[in-house]
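Just need the whole structure built from these sequences, with the hints factored in.
Residue numbers (this note's numbering), protein chains in the order written: chain L, 1 to 330; chain X, 1 to 330; chain V, 1 to 330; chain B, 1 to 330; chain S, 1 to 330; chain R, 1 to 330.
Since the hints were derived computationally from the structure, they do not count as laboratory data.
Treat the hints with caution; some may be incorrect.
Identical copies look the same in the list; a pair holds intra-copy or inter-copy alike.
Straight-line Cα separation of at most 30 Å, DSS-like style, residue types lysine-lysine; simulated pairs [claimed, not checked]:
id : residue 1 : residue 2
1  : LYS77     : LYS26
2  : LYS92     : LYS208
3  : LYS156    : LYS77
4  : LYS77     : LYS152
5  : LYS208    : LYS26
6  : LYS217    : LYS42
7  : LYS230    : LYS246
8  : LYS152    : LYS230
9  : LYS292    : LYS246
10 : LYS211    : LYS44
11 : LYS92     : LYS211
12 : LYS77     : LYS246
6 protein chains.
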Amino acid sequence: MKSFLSPTINPPCFTWVRPEQGEVAKVHEWIQPISSETDVEKSKDADFVVVGVPLSRSSISASGASEFPDYFRRAWKGFTTYNLDFDIDLSKMTALDAGDVPMHVTDIQKCHTNIIQASAALHTHFQTSKVCAIGGDHSITAMMVKGLHRAKPSEKIGILQFDTHFDLRDLSDHGPSNGTPMRNLIESGVVEGSNMYNIGLHGFFNTKDLKNYADEKGVNYITLRQARKKGIEETVRHCLDELASKVDTIYLTVDMDCLDIAYAPGVPASTPGGMRTEELLEGVLAAGSHPKVKAMDIVCLDPLKDTLVQPTVKLGTHVLLTFLTGVMLR
Amino acid sequence: MKSFLSPTINPPCFTWVRPEQGEVAKVHEWIQPISSETDVEKSKDADFVVVGVPLSRSSISASGASEFPDYFRRAWKGFTTYNLDFDIDLSKMTALDAGDVPMHVTDIQKCHTNIIQASAALHTHFQTSKVCAIGGDHSITAMMVKGLHRAKPSEKIGILQFDTHFDLRDLSDHGPSNGTPMRNLIESGVVEGSNMYNIGLHGFFNTKDLKNYADEKGVNYITLRQARKKGIEETVRHCLDELASKVDTIYLTVDMDCLDIAYAPGVPASTPGGMRTEELLEGVLAAGSHPKVKAMDIVCLDPLKDTLVQPTVKLGTHVLLTFLTGVMLR
Amino acid sequence: MKSFLSPTINPPCFTWVRPEQGEVAKVHEWIQPISSETDVEKSKDADFVVVGVPLSRSSISASGASEFPDYFRRAWKGFTTYNLDFDIDLSKMTALDAGDVPMHVTDIQKCHTNIIQASAALHTHFQTSKVCAIGGDHSITAMMVKGLHRAKPSEKIGILQFDTHFDLRDLSDHGPSNGTPMRNLIESGVVEGSNMYNIGLHGFFNTKDLKNYADEKGVNYITLRQARKKGIEETVRHCLDELASKVDTIYLTVDMDCLDIAYAPGVPASTPGGMRTEELLEGVLAAGSHPKVKAMDIVCLDPLKDTLVQPTVKLGTHVLLTFLTGVMLR
Amino acid sequence: MKSFLSPTINPPCFTWVRPEQGEVAKVHEWIQPISSETDVEKSKDADFVVVGVPLSRSSISASGASEFPDYFRRAWKGFTTYNLDFDIDLSKMTALDAGDVPMHVTDIQKCHTNIIQASAALHTHFQTSKVCAIGGDHSITAMMVKGLHRAKPSEKIGILQFDTHFDLRDLSDHGPSNGTPMRNLIESGVVEGSNMYNIGLHGFFNTKDLKNYADEKGVNYITLRQARKKGIEETVRHCLDELASKVDTIYLTVDMDCLDIAYAPGVPASTPGGMRTEELLEGVLAAGSHPKVKAMDIVCLDPLKDTLVQPTVKLGTHVLLTFLTGVMLR
Amino acid sequence: MKSFLSPTINPPCFTWVRPEQGEVAKVHEWIQPISSETDVEKSKDADFVVVGVPLSRSSISASGASEFPDYFRRAWKGFTTYNLDFDIDLSKMTALDAGDVPMHVTDIQKCHTNIIQASAALHTHFQTSKVCAIGGDHSITAMMVKGLHRAKPSEKIGILQFDTHFDLRDLSDHGPSNGTPMRNLIESGVVEGSNMYNIGLHGFFNTKDLKNYADEKGVNYITLRQARKKGIEETVRHCLDELASKVDTIYLTVDMDCLDIAYAPGVPASTPGGMRTEELLEGVLAAGSHPKVKAMDIVCLDPLKDTLVQPTVKLGTHVLLTFLTGVMLR
Amino acid sequence: MKSFLSPTINPPCFTWVRPEQGEVAKVHEWIQPISSETDVEKSKDADFVVVGVPLSRSSISASGASEFPDYFRRAWKGFTTYNLDFDIDLSKMTALDAGDVPMHVTDIQKCHTNIIQASAALHTHFQTSKVCAIGGDHSITAMMVKGLHRAKPSEKIGILQFDTHFDLRDLSDHGPSNGTPMRNLIESGVVEGSNMYNIGLHGFFNTKDLKNYADEKGVNYITLRQARKKGIEETVRHCLDELASKVDTIYLTVDMDCLDIAYAPGVPASTPGGMRTEELLEGVLAAGSHPKVKAMDIVCLDPLKDTLVQPTVKLGTHVLLTFLTGVMLR
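Have a look at this one:
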């Protein structure tokens, strides 16, 4: 089947059969797959486009995060479009599913190139839509942001990152792995270190030399300990305000390993002492509500390691819906 | 074997062998099975009667919650009767186990009728005892309350509900499933909507039309977000005070899906962002201590999905003991 | 959405997106969903129709077998249409997916009526197709066969059953549960006991009175021990030959609990000492190759209990493909 | 509560509630608990007595085999008393449950002494009954046999052992652990090496020096490879015939680690290449049918490691019922 | 291989191969095994010595806590030596791994004697080092403290305990099991009850008589409820200050069952309503920073029961590193 | 640390501490790590060298097979060197562990080059040793064989393959993935199709075009069905005899997915209807005993998906030991 944004994105591998009558009530009835160029033309003004980025062979540790886009879509049936907390119905927004970025089995560089192209295509076709990439491992963030940069080269980009790690590893060690996206963006000149804000670092999960590199490049980081003292929401707002004064577009990246491992059995790199569910959701809501946040991703969630009732898959899905709630609160 | 409250309740399937001497120290040594009418006669003044309601074929999703009564009883061995937090020994109360309500395999209506009859029988024989139903899915709540109403028709009943859902689905869709108990009670005239208080709603787990129905019927609901701001305990006390001014008897129903899914792997319908263990226990304690709360249930805990060390089964059991601690604090 | 065989069958909840070019290679690319009456008209001569029957609330023990149709369809991606053992390509047959029979949450009788209607509709529209029902629990077999009987009342029906149990329980005990389908068919006069052949009984999983009933009604049974001595394939052929001399149509029912529990973690009722995988596949192949076998089902597989890599879901799917290989060997 | 065979055995911790009317159909309705000396007096002629031996702190590797007696009793509900393969109803035999041998938490020698005393008491009170010990780890075998010897000192004892290991480790290394029972019995003079027959050894699970010891003491062993060539049943019969010519009483010990690990996830010491379920059951049946086999045990099954649907617990239970079928075939 | 502190401690069963060049970055590159007396001599001034105490056959319930020392060491690879929260690099301290205390399979008293000797040897050779024992079950605490007392008889010892239980059971019941260490120390005169501070008790996990014993002996306890009201950190500091005024040396014992069971699937005795991860880490940090805390242990963590991504093993390891962070903050 | 066969192989990440005295009894005491060039010099005549090849990012499906070398080494403690079936002690052979081939995180081609170099280095230094590669996914086989070819270019190589798949996928689709090794070797001219023998194909796991390619290139394949009819051992001997008449060196590759999925939960690609454990072991033994088999590998075993007691890891380890038994039987 010819790809709709040829050759950068595969259409979804299945399409939900929708009820003929009755209003939209569940997420899978709301988000519309796009599989032809006609679809694309008709939906340029969509509020929101989701795209799967099923790449995790670039992960340092063996990972099945490439399976998350599939699990994510299947989880939609368990969520309504109505957020009771805020009396908001997401289905008032137009939402699209662009399918998955095609991947190569043994050529990771090719995968990364595909992601850049797909991101550029999406940001070009859907100028005003929020684009959300569903990873995949964290290496995809560098590529999604590069694609955004390619599509809108005049916009200065900043990043808000929820993460237990700096992700500032040296690319000369092992290439653009999931430990490197932030450094990749700094070194390629796409994002300045001083326009990166990392919330959630804590404990024994980064080496000292990464901190030194961060300091050298002016990367901003607020440890989880500090953020808790100030309040997660307030911390996020503060970071976004600073960022907004410096950049045109803010990209939110949610590395699910920022969570406490008790909340995220499906994130092998999550750690003791990380964020609680409600803390992450609070932070993501605040981010979603900021007018300059125009793209996001969710990465490093390995559904093959989740427990039986899939708490992590559900949480990852909730993160997206919470972000969108924020968008509607703008 | 002839049933002691013939034909409404099956006797417990086993009776614990008690130590000949020495004081009661564990819960399984304390709660006494009743298996004959003589037992019933002798124990009319029991402080507390537990009854298993092993029905979950009325659940919308496939559920093994019907197995919880068995797991619940086996979990007793892991708990003492002594609550150190309050220096209270539950064994000073008389406690009975009435066994399980008999169920039919393919006739769910018959199951529901049996529950109503069992509830009525228990509330008739044990006029002053607290009756606690161990589900089973949430459809049983409507039946337990109808039985209470049948036994004590002159008493006006109110409900305090811990839940992630309204449980106000339309019965004409799929009959009295686990999504309907509150609507069932409203439509049957047993409880007024305005005498229902739901604590714990949040996120994307209810459709907008259910909220509209709730508003129309005057159902009271405090979202988890709101309750956290005010404090769970204070919220519960406030609801109970309001209820107490309007009704004679308050029925507490604890749908375990009000919990965050990280705390409740054995509740498939639990969700990201739900209550933490200590929040639920705090709420249940407050409810137990209110003099008008005379019956309760615990529902939707599927022990077949719990993880190895059974955190959810233990938590469900702890909920009951915490409720009883509240009773002794009155 | 209006149902294509209104009102008896729901269309599949999603449709696979097919590659535009290139030959069919995987099962999910081969079996075509039908979702409109036009589809039905065009495909009356299909070789094969699969229909999901997601009912397991009629199961004596708590069961998630209702989820198998979904897991079954998702497993298709792991199988090619080409059977190397016999150099046979199944994709030379026309294959349809009729979707799922609609179920009611609390009215099991209604579910059973729906199954009868759906089966009758399928056997009426697809006169020459093999119809395969994907359960669900074993109660569905009685309904599928009744539907077949309704569609083709003049045809005498016989049954070949792979099972660890007689499934001859008394319907007056608990209604038409998964323990009763064979008795249901005998008592309703749809199939004579002497036209039933059960292969696989063994051990301590049937009460004596069921054997007595079987003997009384002339039900034929060959224990697994006996079948192994003679050879599974030869046993099946012998049974089919006997049946063929007495009936017009043979219905094959595969209760997955005939397997040894080591091979079938997703079948809670499977037992130590049951069939090995290759024995069941050998038997099913022999059955598929018999010209009078015109319908089949696979039941009692609970995918929620399967282990991580889903051995049982894969085996259940393999059973169908093996049956179809037999069909092509005719 | 005073123990009925004071002080050697604890009564069962619960007694099943039996149906008032109707014939016995399930195993838990058949095996009667004994909890008083009166019970003992009345049932001296019982065909069969089961006793739990919940000791596994004497296991070299960390083990939860001490929990098997409890899981074993709970598994009874899943088995009828009727063995269809042989048209035999076990409930024609009188069967007793003597409860568990009391154990000490930190004094393993005391545990072993208790087992010896309990075994002696059982063999004294139930002169003609088959006594079956449910372990626990393999160290209990030496103690059960010593108790038998104490009760009937004039009877010469032989042992038939299904095992992947010799269990002939040197007691001076780490005391009477689960690796030593056979050596223990040889060194204590209770059983001669030449009256021991081990079936099932294979692979890389014994050191050379254990084989040397076995040879030196004349222990008979038939590897699984050899047994398979000859046939398991024939091998067992041959061993029993040899034994019967030399001893008065044969004790059967089934170390569940003789199984292939694919069949026995609940036996951590089971191995690739071990017995299949049907091989073990065939061997146990043959053993049960020999008139000189008067006692048996089942050991090293750790139910805490079993998978969800408990294949190993069910298999362990089936081993006992198969043994008893053999007894009725005598 | 001759033991370096013959005969009390086994050397580690493997030694990590270290990178030839480059700075230490991961914990397994930092902590040095000692396997000869020369090693010992050279490292008398080590800041920190870890010793494995793989004993859990003294546990009341079946436990695999004996495996934790191995899992603990393997977990080191997942942690850096750099604590970002405090900008502290642990690798500035000299750290040793003394291997495991040798255990006997069937003689628990011998195991306990070995622990006392090993503890005494460690505290004698490493006069100024912090000694951390990795259990094993809680019975080891009494032995580690006795060994400390033997090495430094003139120092008065106090204990800070994080625990859900008193661990004051009567030793005459079942010997020095994991329910008895505190009573053991009181009765042996090694530590006075009034110099024990227990933080974390709550719920239904202690019998009333244990509380009475605690009161009688002047044991100090702060329930989790009380500690949360005051703040965990403040509570710990308060206890340590009181202790410091009374004793020379403070021993910290962390029973991992103080955690909420949602955070600690690998601690079967953990309970609903226990500590959250961050609460425990906060408490341990405060303890580590107190100058009189000179030894510690971590007990009752059973890695065989942990879930797939090993949240509990990682948390147990984090507890040690957090303690050491406290040490560097002194 | 400088690599001993610089730069092709990393030394083992830990070395076992060996007992000072006493004979070798367990596998981990037998196989010696080599970590310096001196080691290499001294051990040129080793009978056997094992090398880890931790690559699975070249796998089509997400895989953790890269972790198997580590799990494999840790499993050694569970095996003695003595094979009782044949009274053979493997420790009479000299055995080495060369560590792991170094891998790159994001450059799969670099990984493959490293494997070729490592294989060539091993076959050059250890001219007469059996070299066994522990995968990793099946893509490594092409590289190990290419390395062998580079080291010994004059030797004609044949392959005996146990596999459910042809592994003849087109490299132009997705590069040298785990679906391509046999085609890779044919196309690169290293091995002729007619010198490849595949045993174990069955069912629906290969597309028709792969069979066509196999036929075209003269690849020999014996389906599992055919092999079972003839006998696995006889089939293997027959293949080896044919091969021996055509080539100088035979390479054995064991893709663990040839197993039935019931036996191999740790091999996601294993299938219903595959080999049983004893069949594979029988085949491997026969292969090991053939004098021309000089190298082997074990691939596609993902220990992260194995069940609790690690049946698949143990089986994979047993495969190696069984192969070596064959070697000693030559």
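Taking the hints in turn, this is what the structure says about them:
1. LYS77 - LYS26: both (6 Å within a copy, 26 Å between copies)
2. LYS92 - LYS208: Classified as between: cross-chain Cα gap 12 Å, same-chain 47 Å, threshold 30 Å.
3. LYS156 - LYS77: So LYS156 and LYS77 fail the 30 Å test inside a copy (37 Å) and across (39 Å) alike.
4. LYS77 - LYS152: neither (35 Å within a copy, 39 Å between copies)
5. LYS208 - LYS26: between (46 Å within a copy, 11 Å between copies)
6. LYS217 - LYS42: Result: close neither inside a copy nor across copies, 43 Å intra and 42 Å inter.
7. LYS230 - LYS246: within (23 Å within a copy, 38 Å between copies)
8. LYS152 - LYS230: Answer is neither; intra-copy 35 Å and inter-copy 46 Å both fail.
9. LYS292 - LYS246: within (11 Å within a copy, 50 Å between copies)
10. LYS211 - LYS44: neither (42 Å within a copy, 33 Å between copies)
11. LYS92 - LYS211: Answer is between; shortest inter-copy Cα gap is 17 Å, intra-copy 43 Å.
12. LYS77 - LYS246: neither (40 Å within a copy, 39 Å between copies)
In this structure, the earlier hints numbered 3, 4, 6, 8, 10, 12 are contradicted, and the remaining ones agree with it.
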